Every structure is written in structure tokens, then in C-alpha cells.
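Asks: Residue-level listing of the chains:
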Amino acid sequence: MATRKLAGYWGIALVALSSLACSLDKSQVMESSTSSNGAVNRATLPDAMQMTGLVKMDEFNDQASTKDAPVQGGQIVVAFSAEPDTLNPLTDNSAVNSYINSYIFSALLRQDPETYEWEGSLAERWIEEDVVIQNDGKKLRGTTTYAGPGEQGDITLRTSAGESVRIARGQVKEVRKRSSFTFFLRRNAKFHDGKPVTAADVKFSYDTIKNETVDAPSLRNYYNDVESCEILDDYTVRITYSKQYWMAREFAGGFAIMPRHIYDPDGLIEKSPEDFGKQFNESQHNRSSVGSGPYQFEKWDTGIQITLTRNDGYFDERRRGHLDRLVFKFISDPVASLQSLKNGDVNFLPSVTAEQFEEETKNPEFLSQFAKAEFYTPSFSYIGWNMRRPPFNDQKVRQAMELGALDRQKYLDVIGYGRGVVVSGFSYYFGPAYDHKLEPQPFDLEKAKQLLLEAGWYDRDGDGLRDKDGKPFRFEYLVSSGPRMRMAPLIKENLRKLGIDMTVRELEWATFLQNVYDRQFDAVALGWAIALEDDPYQIWHTTQIENRGSNHVGFGNADTDRMIEESRTMIDDEERRKIFFELHRIAYEEQPYLFLFTSPNLGIYDKKYRGVKLYKVRPGYDLAEWYLPENGSI
Amino acid sequence: MKTYILKRLMMILPTMLGITVITFVIIRLAPGDPAAMRIGSGAQGMIRNQQLANEIIEKTRKEFGLDLPIHQQYFRWVGKIATLDFGRSYKDNRPVMDKIWERMPITLQLNIISIILVYLIAIPLGIYSSTHQYSAGDKTLTLGLFILYSLPSFWVATILILFVGGGDYFHWFPITGISSMDADKMSAAAWLWDRIWHLILPVTCLTYGGLAYVSRQMRSGMLETIRQDYIRTARAKGLSEKTVIYKHALRNSLIPIVTLLGFLLPALLGGSVIIESIFTIPGMGALGFEAILSRDYPVVMAISTLAAFLTLIGLLISDICYALVNPTISLEAQ
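Protein chains in written order, with this note's numbering: chain A, 1 to 634; chain B, 635 to 968.
Hints are not guaranteed to be accurate.
Coverage of chain A stretches by chain B, computed from C-beta distances (three or more under 8 Å per stretch; other residues unrestricted) [unchecked claim]:
#, region
1, 183 to 190
2, 295 to 306
3, 513 to 520
PhoX-like mimics (lysine-lysine), calculated; alpha carbons at most 20 Å apart, straight line [unchecked claim]:
#, chain 1, residue 1, chain 2, residue 2
4, A, Lys437, A, Lys278
5, A, Lys299, A, Lys271
6, A, Lys468, A, Lys497
7, A, Lys410, A, Lys492
8, A, Lys471, A, Lys497
9, B, Lys773, A, Lys278
10, A, Lys299, B, Lys636
11, A, Lys278, A, Lys210
12, A, Lys497, A, Lys449
13, A, Lys278, B, Lys693
14, B, Lys693, A, Lys210
15, B, Lys881, B, Lys871
Read the hints as simulated data drawn from the structure, not as lab findings.
In this text, all values refer to a predicted model and were calculated from it rather than measured experimentally.
Ideal Cβ positions, reconstructed from N, Cα and C, are used throughout, including at glycine.
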């Protein structure tokens with residue numbers, strides 16, 4: 001029932017940090033890893049879907065006017081459907097956790113939710129350098145330029161001090177571009193207890209992630225390729241990667257900085273790492289976090305709500321909160337949460353059902369008090385075909401499924417109230433790595449029949465079912481209890497017209513997952529919460545096929561693997577996206593998934609709040625920007 | 635009597651062991667792997683290196699003791715229970731008993747109030763029904779109670795939330811939690827009033843269904859008693875009808891009702907999954923339900939052990955009560 005729902009949102013401030021961690025939400029979205037940086041390729045997007053540029057403030061609120069100046073004061077109550085287990089940003093990777101922690105903690109960098117550019121948060125500035133490794137093992141840092149074209153010839157290295165060194169090509173063993181990050185911390189940044197944030201805290205947080213006993217294995221995995229984290233002085237830290245990786249900046253600058261004096265008062269981390277790990281996992285501060293973010297922890301009424309209060313000493317004046325308190329209430333029952341909004345107990349519901357959004361909230365009285373907001377965050381849903389075994393080991397059969405299993409557009413129009421877009425690939429529809437030239441195939445039963453025939457599936461024995469090699473076309477559709485079940489009868493009906501018998505197997509979430517891990521399915525309905533620009537390695541590389549990896553359908557070959565591996569080291573956005581486009585095309589032809597939709601989040605909030613901006617990156621809003629206008633009137 | 639109680643108490647131990655073995659096996663047989671679930675539900679998904687992912691899972695399994703054969707896991711668990719150590723929750727690393735203690739008072743409040751209400755309302759109704767057997771009043775009452783009995787509580791709860799929880803209709807009652815947001819700053823009286831206000835809807839939902847059962851028990855018990863010879867004697871010697879009913883008949887017909895109380899003990903702690911979820915009440919029901927969904931074995935085992943223990947104690951108490959209220963029943967002979 002409702003308790004499995006997680007809000008499915010990441011914090012804005014900690015986009016990278018949060019995106020490292022993952023969790024499945026009620027709509028059964030699997031979180032993928034990465035979020036991205038860089039500009040967006042405008043040319044490929046339809047006009048109405050331009051991604052960059054400023055997000056309109058108070059877009060959904062007709063009562064807002066430019067005269068409402070931000071003032072301090074007031075509070076907001078936000079309802080989530082699930083409660084986090086702890087408030088430790090490193091060991092708990094649920095969506096709600098990262099969302100709430102995005103106000104309590106800050107990282108070295110943050111990604112601007114409008115421009116997607118990275119900017120300093122705890123770091124006042126930072127420099128990114130290439131690392132040149134010489135044959136004698138000596139490492140040099142700086143910006144490299146090549147004497148010859150195509151990165152040939154001798155290398156000139158300009159160090160941050162402004163010196164230039166010319167290194168003969170023959171002496172160079174390896175060049176790792178953009179793999180050294182030096183962060184200069186703000187001098188005025190303080191934790192909520194008033195102690196300054198120093199390089200030692202950054203190093204401590206990094207060491208905590210790397211500590212084997214600490215309960216953060218999935219986060220730790222992202223720091224495997226980090227070679228070192230060094231304290232250069234009290235306010236300067238350098239993180240160096242051992243490999244070139246296009247997402248290095250995001251991971252190096254994206255983790256939550258935790259106060260060492262709170263989480264390790266006895267300095268155990270060096271003396272006895274194992275004891276430290278245990279102590280950290282069980283820390284009392286897992287339920288009363290201390291960070292350096294715009295809001296600080298006030299109290300946690302277990303099972304009911306978490307309250308944060310504004311941190312007036314927050315280091316970044318531009319991002320200091322306006323509201324005095326943020327209250328996160330946990331209401332698992334959707335009826336009760338909408339009702340709480342109506343009766344004023346709750347001011348903002350970030351996620352309601354399509355029915356609630358359309359049907360239960362349409363009277364004029366309601367609309368005069370509440371704003372309904374539709375906003376996208378990166379995700380998509382799909383039906384995965386088990387490519388290891390018949391019938392879905394045949395590309396033609398999978399293509400036939402795309403044509404004949406479900407009229408996706410019609411489904412969106414009727415069931416989804418016309419909200420959302422049909423997608424043709426695994427990159428975020430509104431992101432830079434999605435090739436809009438590849439349009440989803442329209443529903444066409446005749447073409448589907450033709451393809452099935454070509455694949456050798458036709459009714460030989462006259463029982464009404466197609467068959468091949470003496471076996472009728474029967475398969476099992478694995479789905480977890482919840483909204484995604486709705487699609488099942490429609491697909492079953494369409495497939496029956498194609499002479500295919502589909503049985504639906506509906507399972508409770510934990511059991512469902514077990515079946516996916518064990519590859520016990522023919523077809524499976526799922527979704528991924530992804531990043532603006534995602535690293536396809538996790539979902540599509542063949543190393544992820546075995547051992548419960550995310551490539552549960554069994555996609556890939558040596559070529560796609562090579563492309564994926566190459567893309568990881570490409571720090572040039574254009575070059576890398578060419579590969580992503582190519583991978584998109586391959587997936588489009590191979591149809592490992594029947595790609596379904598990217599659907600918007602449907603949120604409702606009280607119109608008395610102003611300064612509301614809804615972004616296209618998770619979680620889609622930043623409550624630190626919201627305020628109540630001076631006169632208080634609506 | 636003493637020997638009997640002693641014997642029964644000694645029987646509890648092997649029974650408990652039996653129950654825990656079965657619970658332990660059943661929960662382990664359910665598919666789902668807490669180790670895999672814990673490293674994130676997208677889980678290994680997150681992990682680029684598959685080998686590493688499996689190492690992590692194996693390590694977690696080891697930490698939880700899930701790598702041992704199931705009987706060894708069970709003995710380890712029993713060994714800890716003997717020292718009253720229920721372990722730590724897989725989800726947040728807190729001691730299981732802390733989590734239970736935190737939620738127990740809330741569930742107790744809800745259930746004690748609703749049980750008292752059930753008895754307070756159902757007993758008079760039962761008496762009325764039996765003394766006015768087959769009258770229009772009896773029939774209406776019976777019909778009414780059975781209608782209530784058959785209304786599913788999740789439906790009633792939703793209807794109540796929609797109609798008296800604010801929004802488009804009446805805003806009479808709060809619908810989430812058990813206190814207002816700033817309850818800790820209220821005066822004692824205001825706090826109490828606020829708490830009562832919050833409890834009205836959930837208690838209503840927990841109460842109405844039980845009325846039919848207890849009042850029918852009361853009615854039939856009473857009818858049987860009224861037919862007894864000693865009641866006829868009482869009437870014959872000229873006692874007023876009131877004295878006959880309330881002094882002689884009522885006392886005797888309460889015996890089965892009293893013994894029912896013993897069975898209520900585990901129900902007191904069990905909590906109601908549905909009502910707690912709908913009204914956002916952080917009680918034992920919600921805790922147990924979430925623990926099952928996330929395969930949080932230590933929590934599931936602690937709750938079910940506690941429930942089993944209370945059931946056994948409850949059974950014992952009801953047997954003893956039975957002997958106490960009716961001295962003709964001899965436990966020794968059994």
C-alpha cells in the first residue's frame with residue numbers, strides 16, 4: 001500500500017550528492033545515477049520545450065504580482081508520502097532524505113537549476129586542472145595545450161601560478177584532462193552550531209564516504225576513481241581523479257560536507273576507522289543533523305513530521321531562506337493529504353495523482369486559493385523485454401511490440417489527461433542527450449503483424465495463437481502493484497488481437513524486485529529516474545547484465561560497450577553527445593525496452609506563497625526561495 | 635490454582651519457541667533481500683562495478699548474519715532474545731526496542747480508549763436487546779449494529795476525512811497525526827483537549843465495528859441467564875425487575891464478556907495498520923507494516939514475538955479470570 005511511496009525528489013543544492021544516491025519511488029522509478037552539467041543543445045528541441053533560460057516565477061499563480069517583495073517570516077508545510085529512515089546524507093539514500101537534507105547540508109558546489117551551470121556553494125571559487133603524468137612518475141597540474149593539431153605534439157602546461165612548462169611528448173605517460181579540482185572555501189561559512197567549515201571537514205566527509213565500515217557503499221562506489229583528497233591549507237582542498245571522467249566535477253564538488261566535531265568528536269576516524277564507522281552508522285545525529293545549509297534541524301516527530309528553521313547565519317546571502325520554518329509532514333494516504341491541503345494543515349503537495357489534479361480540485365473556490373503546477377523532472381517509464389530468451393531475443397518481435405502493444409499517445413491522452421510525452425529513448429526528453437529526430441513509432445497493428453510474420457511467428461495449428469518451433473506465443477508480464485497495473489489490461493487486449501497471449505503477474509514491490517534481480521521475467525514494467533544528462537553505463541553496459549545489475553534486459557555488445565566506455569572519458573560536451581545520440585539510435589532500433597513516457601509531476605500549493613519557481617531538475621523547486629508577501633493578503 | 639498457573643507459565647516457553655521458529659521461517663521464505671534493498675532500492679543499479687556490488691551485498695548479508703544457514707541464524711537470534719536484545723533495525727540502525735517503545739504509547743492510547751468505548755456502549759445495548767427481545771427496538775439495534783459491522787473501516791475513514799475533515803464540507807476534526815503542530819507549547823489542558831480532538835476520528839473508526847460483536851455476546855449471555863432457575867426464583871420472591879436484571883442476571887452474564895478481555899491484550903498492542911496509515915498515526919501497526927514491506931527482519935521478529943507472548947499471557951489471564959468469576963470451574967481438574 002501507500003507506505004512504499006517515496007517522494008522521488010532530490011535536493012537542488014545537492015544535485016550531485018543526491019543524484020549519487022538512489023531510491024525507487026511509488027511509481028516504481030529506479031534511480032539512475034548521474035545528473036549533468038553543461039549547456040543544452042537548443043537546436044534539437046521543439047520550440048515549446050526549450051530547456052535553458054530563466055524559469056518564470058509564479059507561473060501558475062494568477063494572484064502574484066511584481067509588487068510582492070520578499071520578506072522574512074511565516075512557514076510552509078509540505079506533505080510527502082514517505083518518511084526518511086534517517087537524516088544522515090551519506091548512509092541513507094532515499095529520495096525524501098536527500099530532499100530534506102538539501103536544506104540542512106551544503107556541498108562545495110551547486111548546480112544552478114536554471115542554467116545548469118556549476119557554481120560555488122561552500123567553495124568560494126575553484127580551479128579545474130589537467131594532470132600530466134610523466135614517464136618518471138612525476139605528476140604535473142595545469143592547463144594543457146598541444147603543439148600539434150589533434151592533441152599531438154609536445155604539451156605546454158600552464159600552472160595556476162601562471163608558469164608555463166613545455167613537456168616533450170616522449171616524456172608524457174598519460175594526460176588526464178580536467179581531473180584535478182582545487183576548492184577554495186568561503187571564510188564565512190559556518191555550521192549550524194557556529195563552528196566554521198574548514199578543509200578538515202571536507203576531508204572528513206570524504207574519508208567518511210571512503211570508510212569501508214560506513215554504511216554508504218553505493219555512494220562510495222562513485223569515489224573509486226578518486227585518487228586523493230588533500231588539505232592544502234585550512235580553507236583549501238584538492239581532489240584528484242585517477243581517471244578522466246566527464247562527471248568528475250559533479251562528484252568531487254557534490255557531496256555533503258559534514259561537521260567533523262559533531263560526527264567524530266573523539267577523532268576516531270584516523271585512530272580506529274572501524275570503530276568510527278560503527279559509531280557513525282549509529283550516531284544520534286542521524287536523527288538530528290547538523291550541517292551548514294540554509295535551514296537547520298529543529299525537531300523530528302517520528303512518523304509525523306520533520307521541522308527545520310531558517311539558518312540566519314547561512315553563508316550565501318543570495319540564497320538565504322525567507323520562510324522561518326519548513327515543515328515536512330508525512331502522509332501516506334493520498335485522500336488525507338489532499339484533504340489536509342484543503343483544510344489548511346498542509347500548504348504544498350509536490351505530487352498528487354492525475355485524478356486528484358484533474359477531478360478533485362476543479363471547483364472555482366479551490367482554484368482561487370490553490371495553484372496547480374505541472375513540472376517535469378528527468379525520468380521515463382518503460383516495458384523491458386528479456387532479451388536473453390525467446391520470444392524477445394528477436395529484434396523483429398520487439399519492434400512489433402513497439403508498434404502493437406500499446407497506443408502510447410492515446411493512453412497518455414485518455415488515462416494521463418493528455419499530460420506527458422511519449423519517448424523513444426533512454427535519455428531525458430528535455431535534456432541535451434536526447435535525439436528528437438528519432439520519433440516514437442505510431443501504433444500500427446498491421447505493421448506489427450507483418451513484423452511478427454517476418455520473424456516466423458504465425459498461427460500454424462489454428463488455435464488462434466501465433467506459434468514458432470512448436471511453441472505458442474505466450475509470455476508473462478511482470479508488474480508491481482500500483483498505478484502501472486492500469487496499462488496491463490490494455491496491452492493484453494492489443495496483444496490478443498495480434499494472436500499473442502499475455503499473462504499478468506502482479507507482485508508486491510520487494511518480491512517484484514527480487515524477480516527482476518533474478519531475471520525471472522519475460523516483460524517487466526518499470527521506470528528510471530535519471531539525470532539531465534546521464535551516463536548510460538549503469539543501464540546499458542554488458543557488465544551490468546549479470547549479478548543483479550541494472551541492465552536487466554540483457555542489452556549490448558562489444559560495440560555498444562566500447563561507445564559507452566569512450567563516452568565516459570569525453571569531457572567535450574559536443575563530442576560526448578554525438579555518442580549519446582548514436583546510442584539512442586541503436587536503442588531505438590534494437591528496442592530493448594518499449595520506451596513509454598516522461599510524465600510531469602503534478603503539484604498543488606497555496607497561492608499565498610510567492611517566489612515560486614518550478615525547475616526541470618530534481619526536485620523541481622527550492623523552498624528557500626519561497627516567501628509570503630508583505631501585506632499577507634492573497 | 636498456583637500449581638496450575640505455574641504449569642501454564644512453564645508451558646509458555648516451548649510454545650513461544652514454536653511460534654518464533656515458524657515466524658522466523660515464514661518471514662525468511664518470503665522473497666526479497668534486505669541486504670540488496672538496503673544499499674538502495676535502485677540498488678546495485680547504482681553500482682558501476684558489478685563485482686563490487688556483490689561484495690557489498692555479501693558484506694551486508696554477513697553483517698546482518700544472513701549468510702549463515704537459517705537454523706544458525708535462528709539460534710543466534712534466540713540467544714540474543716534471551717538477554718532481551720532484539721537487535722537493531724536494518725533501516726535506520728536504531729535499537730528495535732527503542733522504535734517499539736516510541737510507538738507503543740500511541741497505539742495503547744488509541745486501543746485502550748476504543749476498547750473501553752466498545753464495552754461501555756455495547757454492554758448497555760446488549761442488555762437492552764435481551765430485555766426487549768424481538769421488540770422493534772431490538773431489531774433496529776441489531777440491524778444497525780450489523781450494518782456498522784459490515785462497513786469496512788478504510789472506507790468509513792475516507793468518508794469521514796472527506797466530509798468532516800475540512801475542504802469542501804465541514805472542518806470539524808483534524809485528520810492527520812495525534813497532536814497539533816505546536817502541541818508541545820500548549821498548556822496541559824489545551825494539550826489534552828487537542829489530543830482528544832485528534833483521536834476522535836480514528837477512535838470512531840476503531841470502535842464502531844466492535845460494537846456488534848460485544849453486544850451480541852452480551853445479548854445472548856443475558857438471554858441465557860434470564861432463563862435460569864435462580865432468576866425465576868428472584869422474580870418469584872418479589873424482587874423488582876431492575877434488581878433482577880442488574881444485580882443478579884447482569885453479573886452472571888458478564889462472565890463470558892470478562893474472559894473476552896484476555897484475548898484483547900495482544901490486539902491492544904498490535905495496532906491497526908489501516909487506520910494508522912490513513913490518519914498518519916505513528917503506531918505499532920504502521921511500524922510493523924513498513925517493516926514487513928522493507929523486510930526489516932529484526933523489527934518484524936520483535937513485534938511478532940511480542941504479540942505472541944501477549945497472546946499467550948492473554949489466554950492465561952482469561953482462563954484465570956474464568957475461574958475467578960465462576961468458582962464452579964476448577965482449573966486443577968484439567
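Asks: Within a Cα-Cα threshold of 20 Å, do lysine 299(A) and lysine 271(A) meet the stated pairing?
Replies: Answer violated: lysine 299(A) to lysine 271(A) is near 32 Å, above 20 Å.
Asks: Between the alpha carbons of lysine 773(B) and lysine 278(A), is the straight-line distance 20 Å or under?
Replies: violated (65 Å)
Asks: Given the hint that lysine 437(A) pairs with lysine 278(A), test it: the Cα-Cα distance must not exceed 20 Å.
Replies: Roughly 52 Å separates the two Cα atoms, so the pair is violated.
Asks: Sort out whether lysine 636(B) lies within 20 Å of lysine 299(A), counting only the CA atoms.
Replies: Given that 20 Å is the threshold and the Cα spacing comes to 50 Å, the pair is violated.
Asks: Between lysine 881(B) and lysine 871(B), does the CA-CA distance stay at or below 20 Å?
Replies: holds (14 Å)
Asks: Just to be careful, I want the Cα atoms of lysine 278(A) and lysine 693(B) compared with a cutoff of 20 Å; is the pair within it?
Replies: Judged against 20 Å, a Cα distance of about 14 Å means the pair holds.
Asks: Mind taking a look at whether chain B covers the region 295 to 306 of chain A? Criterion is 3 or more residues with CB to CB distance under 8 Å.
Replies: holds (count 5)
Asks: Taken at face value, is the distance from the CA of lysine 449(A) to the CA of lysine 497(A) at most 20 Å?
Replies: With a Cα-Cα distance of about 9 Å, the restraint between lysine 497(A) and lysine 449(A) holds, given a limit of 20 Å.
Asks: Checking one constraint from the list: CA of lysine 278(A) to CA of lysine 210(A), max 20 Å. Satisfied?
Replies: holds (14 Å)
Asks: Does lysine 210(A) sit within 20 Å of lysine 693(B), going by the straight-line distance between their CA atoms?
Replies: holds (15 Å)
Asks: Take a quick look at whether lysine 410(A) and lysine 492(A) sit within 20 Å of each other, Cα to Cα.
Replies: The hint holds at about 16 Å.
Asks: Can the region 183 to 190 of chain A be counted as covered by chain B under the rule of three residues or more with Cβ-Cβ separation shorter than 8 Å?
Replies: It is violated: at least three residues are needed, and the region 183 to 190 of chain A offers just 0 whose Cβ sits closer than 8 Å to chain B.
In terms of the numbered hints stated before, the structure departs from hints 1, 4, 5, 9 and 10, listed from lowest to highest.
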